[in-house]
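A.B. asks: Using the sequences provided together with the hints, build the complete structure.
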Amino acid sequence: GAVVSQHPSWVICKSGTSVKIECRSLDFQATTMFWYRQFPKQSLMLMATSNEGSKATYEQGVEKDKFLINHASLTLSTLTVTSAHPEDSSFYICSARGIGGYEQYFGPGTRLTVT
Amino acid sequence: QQQVKQSPQSLIVQKGGISIINCAYENTAFDYFPWYQQFPGKGPALLIAIRPDVSEKKEGRFTISFNKSAKQFSLHIMDSQPGDSATYFCAATNTGNQFYFGTGTSLTVIP
Numbered sequence: 001g002a003v004v005s006q007h008p009s010w011v012i013c014k015s016g017t018s019v020k021i022e023c024r025s026l027d028f029q030a031t032t033m034f035w036y037r038q039f040p041k042q043s044l045m046l047m048a049t050s051n052e053g054s055k056a057t058y059e060q061g062v063e064k065d066k067f068l069i070n071h072a073s074l075t076l077s078t079l080t081v082t083s084a085h086p087e088d089s090s091f092y093i094c095s096a097r098g099i100g101g102y103e104q105y106f107g108p109g110t111r112l113t114v115t
Numbered sequence: 001q002q003q004v005k006q007s008p009q010s011l012i013v014q015k016g017g018i019s020i021i022n023c024a025y026e027n028t029a030f031d032y033f034p035w036y037q038q039f040p041g042k043g044p045a046l047l048i049a050i051r052p053d054v055s056e057k058k059e060g061r062f063t064i065s066f067n068k069s070a071k072q073f074s075l076h077i078m079d080s081q082p083g084d085s086a087t088y089f090c091a092a093t094n095t096g097n098q099f100y101f102g103t104g105t106s107l108t109v110i111p
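Quick note, the sequences are listed as chains A and B, same order.
Here the numbering used here is used: position 42 in the first sequence is 42, and no number is missing along the way.
Here the numbering used here is used: position 21 in the second sequence is 21, and no number is missing along the way.
Hints may contain errors.
Once the Cα atoms are required to be at most 27 Å apart in a straight line, the calculated BS3-like pairs of lysine-lysine come out as [unchecked claim]: (1) A:Lys14 to B:Lys42; (2) B:Lys68 to A:Lys64; (3) B:Lys5 to A:Lys41; (4) B:Lys42 to A:Lys41; (5) A:Lys66 to B:Lys42; (6) B:Lys71 to A:Lys41.
Derived from the structure by calculation, the hints contain no laboratory data.
C.D. replies: Following this line, the structure appears as structure tokens:
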């Protein structure tokens, strides 16, 4: 149980274009979803927290107009990187937390490369 | 300010040996301490977690030791195997909304 999927697993896009990443909880309802960014050999950096039906809460320094997060249902959250630039290239990971629990279950991650 | 400090940064262990990774925290309000295992190019996977009302939790070859007074907790991997080679992250939270992650430990188990 507690499976989280992400799509796509990797994506290459040109500078200036937008990319959408989907995060789904497959076998549980996720009241809260988190989006992280991870650079090589570094820890997880929380970008934003989203609750179903509410606006996402962004961490300090994260541009909300650039990283659009939507949590439209209890099983789906999306991260859209708008007007992507090479410096946005990174490994993006989502996680989901179920009702009444502390545990975060992570997706497999999405490797974004902006050329 | 690093809320959770993790050490060592890297660890090399012989097959069959014990791997020990340590974490320390400052915020006494933390009440949930998970460990995650991450393989290259994959997302972290929850390995084992503990709450501060117990001093030890064991699941198979993985054990968390928790010292509330010292504000430290550690992960012990018994009979380490090459397949355990991965990066391990400790974390702490008190609300479930904000997880504070350690900097990670790269474990290599030599056959």
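A.B. asks: Check the hint pairing A:Lys66 with B:Lys42 against an upper bound of 27 Å on the C-alpha distance.
C.D. replies: Status holds; Cα separation ~24 Å.
A.B. asks: CA of B:Lys42 to CA of A:Lys41, is that 27 Å or under?
C.D. replies: Status holds; Cα separation ~13 Å.
A.B. asks: Straight-line Cα separation of B:Lys68 and A:Lys64 no greater than 27 Å?
C.D. replies: Violated, at roughly 38 Å.
A.B. asks: Given the hinted pair B:Lys5 and A:Lys41, is their Cα-Cα distance within 27 Å?
C.D. replies: holds (16 Å)
A.B. asks: Is A:Lys14 close enough to B:Lys42, meaning Cα to Cα at most 27 Å?
C.D. replies: OK: A:Lys14 and B:Lys42 at ~24 Å, within 27 Å.
A.B. asks: Given the hinted pair B:Lys71 and A:Lys41, is their Cα-Cα distance within 27 Å?
C.D. replies: holds (26 Å)
In summary, the one numbered hint that this structure violates is 2.
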